[in-house]
Amino acid sequence: MNTASSATASAVPPRSGSRAWAKFRRNRTAMLGAAIVLAFVVLAILASVLANYDPLKVNFLAVRKPPSHMYWLGTDELGRDIYSRMLFGARASLMVGLVSVLIAIAAGVPFGLMAGYFEGWIDGAISRVTEALLAIPFLILAIALAAFLGPSLVNAMIAIGVSAAPKFTRLTRGQVLAVKNEDYVQGARALGASDLRIIVRHVLPNVMPPLIVQATITIATSIIAEASLSFLGLGLQPPNPSWGSMLNTAKNFMNQAPWMSVFPGAAIFLAVLGFNLLGDGLRDALDPRQEK
Amino acid sequence: MLRLILRRVLVAIPTLILVSMMVFMLQKILPGDPVLAMAGEERDPAVMNYLREKYHLNDPLPVQYAAWVGQILHGDLGKSLRTDVPVKKLIADKLPVTTQLSVMAMIFALILGIPSGIIAAVRKGTAVEMGANMAALSGMSIPSFWLGIILILVVSVHWHLLPASGYVPLSEDFWLSLKTLLMPAFVLSLAIAAYLMRHTRSAMLEALSADYVRTARAKGVPAYKVVLRHALRNALMPIVTLVTLLLGELLAGAVLTEQVFTIPGFGKLIVDSVFNRDYAVVQGVVLCVAAGFIALNLLADVLYIVVNPRLRHS
Numbered sequence: 001m002n003t004a005s006s007a008t009a010s011a012v013p014p015r016s017g018s019r020a021w022a023k024f025r026r027n028r029t030a031m032l033g034a035a036i037v038l039a040f041v042v043l044a045i046l047a048s049v050l051a052n053y054d055p056l057k058v059n060f061l062a063v064r065k066p067p068s069h070m071y072w073l074g075t076d077e078l079g080r081d082i083y084s085r086m087l088f089g090a091r092a093s094l095m096v097g098l099v100s101v102l103i104a105i106a107a108g109v110p111f112g113l114m115a116g117y118f119e120g121w122i123d124g125a126i127s128r129v130t131e132a133l134l135a136i137p138f139l140i141l142a143i144a145l146a147a148f149l150g151p152s153l154v155n156a157m158i159a160i161g162v163s164a165a166p167k168f169t170r171l172t173r174g175q176v177l178a179v180k181n182e183d184y185v186q187g188a189r190a191l192g193a194s195d196l197r198i199i200v201r202h203v204l205p206n207v208m209p210p211l212i213v214q215a216t217i218t219i220a221t222s223i224i225a226e227a228s229l230s231f232l233g234l235g236l237q238p239p240n241p242s243w244g245s246m247l248n249t250a251k252n253f254m255n256q257a258p259w260m261s262v263f264p265g266a267a268i269f270l271a272v273l274g275f276n277l278l279g280d281g282l283r284d285a286l287d288p289r290q291e292k
Numbered sequence: 293m294l295r296l297i298l299r300r301v302l303v304a305i306p307t308l309i310l311v312s313m314m315v316f317m318l319q320k321i322l323p324g325d326p327v328l329a330m331a332g333e334e335r336d337p338a339v340m341n342y343l344r345e346k347y348h349l350n351d352p353l354p355v356q357y358a359a360w361v362g363q364i365l366h367g368d369l370g371k372s373l374r375t376d377v378p379v380k381k382l383i384a385d386k387l388p389v390t391t392q393l394s395v396m397a398m399i400f401a402l403i404l405g406i407p408s409g410i411i412a413a414v415r416k417g418t419a420v421e422m423g424a425n426m427a428a429l430s431g432m433s434i435p436s437f438w439l440g441i442i443l444i445l446v447v448s449v450h451w452h453l454l455p456a457s458g459y460v461p462l463s464e465d466f467w468l469s470l471k472t473l474l475m476p477a478f479v480l481s482l483a484i485a486a487y488l489m490r491h492t493r494s495a496m497l498e499a500l501s502a503d504y505v506r507t508a509r510a511k512g513v514p515a516y517k518v519v520l521r522h523a524l525r526n527a528l529m530p531i532v533t534l535v536t537l538l539l540g541e542l543l544a545g546a547v548l549t550e551q552v553f554t555i556p557g558f559g560k561l562i563v564d565s566v567f568n569r570d571y572a573v574v575q576g577v578v579l580c581v582a583a584g585f586i587a588l589n590l591l592a593d594v595l596y597i598v599v600n601p602r603l604r605h606s
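So the protein sequences, as listed, match chains Z and R.
So the first sequence is numbered by this note's numbering: it starts at 1 and just counts up by one.
So the second sequence is numbered by this note's numbering: it starts at 293 and just counts up by one.
Derived by calculation from the structure, the hints in this document are not laboratory data.
Idealized CB from N, CA, C, for every residue including glycine.
Among the clues, some could well be false.
Heads up, incomplete: computed chain R residues facing chain Z, CB under 7 Å, no partners named [as the list claims (entries may be wrong)]:
hint: 1; residue: 435
hint: 2; residue: 437
hint: 3; residue: 446
hint: 4; residue: 449
hint: 5; residue: 548
hint: 6; residue: 582
Assemble the whole structure, with the sequences as input and the hints as a guide.
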């Protein structure tokens, strides 16, 4: 921390939120990440406005055309416009990223809170199950679950979310153990607050920062996981576009139509990089104890 | 030290039992009736009943589970429902392929990750550090299957430098075997290299700011010696455990890499058996991977105890 900001910090303690924001704003790579993420969000929201063609419209007169002023990123094996399909693919990818993380948080965090707060046999049981789930590699678990649920976008979200949940459980548990003996928790207990109230009002807000960081990074992981599942044919089903499923067909035309694989892959890479940069920046800003 | 290790081993056992239960339930919840698939077109009720009896599918679940665990403890993982090949044989056939791929990938990752992590820590706050950080983040963000496709396109199709796919056993043709797996191993290594770089960097930063490093510098020890002998030796401790854990990640990462490069390994076995609804194989493979993962975790913890003098003598 530089001298100017530490001087103000000692004079008037600012709210930690604004201090974190100031730190975040000075971090150039973090701002780059935020800009990339924002750009993809705008593209996804405005997909139907920005698209030049109907993403599902087949045109056999324009099969596998290279990029041109008519088809900015070329066309695929059925003559569909790749640029338009990628815009709608952004919707699928971002939605999977967001919804999977929400599922992971909803399924993982409550157990972590319970395990850390109550300890004893509750902790033992939850921790053992968490460890067992973590012993099955994330992607393999997601593939098995997606296969069980049947291939679709919603099922891919559930499979990815459930597979990512144990990480949230473990993280939350550790954080709760760290804060539960703080004075403000003891104070609340002394005042006769119920366990539920202490967990929701006092423990949860104080374990939020690392959870926000983890959530951001998990969005990145989920986008890759969705692309992987779709690439294997276990995600969004044709003809609907997803970056992963576009790559799945593109690999069959690698030689004749390389643009079919180059652009969707680059989009996955950029979006995931954006969320990873953002997550790193948030960690530096929100969670000074944890070095990356 | 022995008590610490023993305690750690004992904790791993309930985890293993839970995993086996989950894997067993996986078979029960996977869609499709295996008996329908085996009974053929006629779906004769008598045949189906016979098959159900034969595979004990009519018994209550706990009984089925107990019988299944009993078989596994005798080294029998069942047979593929499609090809009738014992799952043990399938795994034994595919494991060397994925092991070779993983070991080659780990070597790449160590070569890429550790030196760049050291350099990033030593050159803290410079463009070099920022470049290394960006490279690591890119390595974590790049979809491996896409990179695989692009590399095949450039290196194999356009430059004709390396084979695009397939696998040749080491025993058959040593150099060709290495050459075929060179590209997939590189693709697989990137994410791991990124983790290694980031952890090496932060461990080195911590070590470089320690008192013993300052003392060494004050004594006039040459800079390279301070970095390599004093700081690195201490920074490597957490890295040893990390490498063990990442070996498990490689196994999982191999799923996509093997798919792109059509390598007949563990990952392809998993995907194929999931698509073929070959439960016995899915079960055997997932159980095998999870057991391997738990064993590697255990090894990592034990290594940490052995490497760390403070724990070793406790």
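Which hint numbers does the structure go against, in order from smallest to largest?
3
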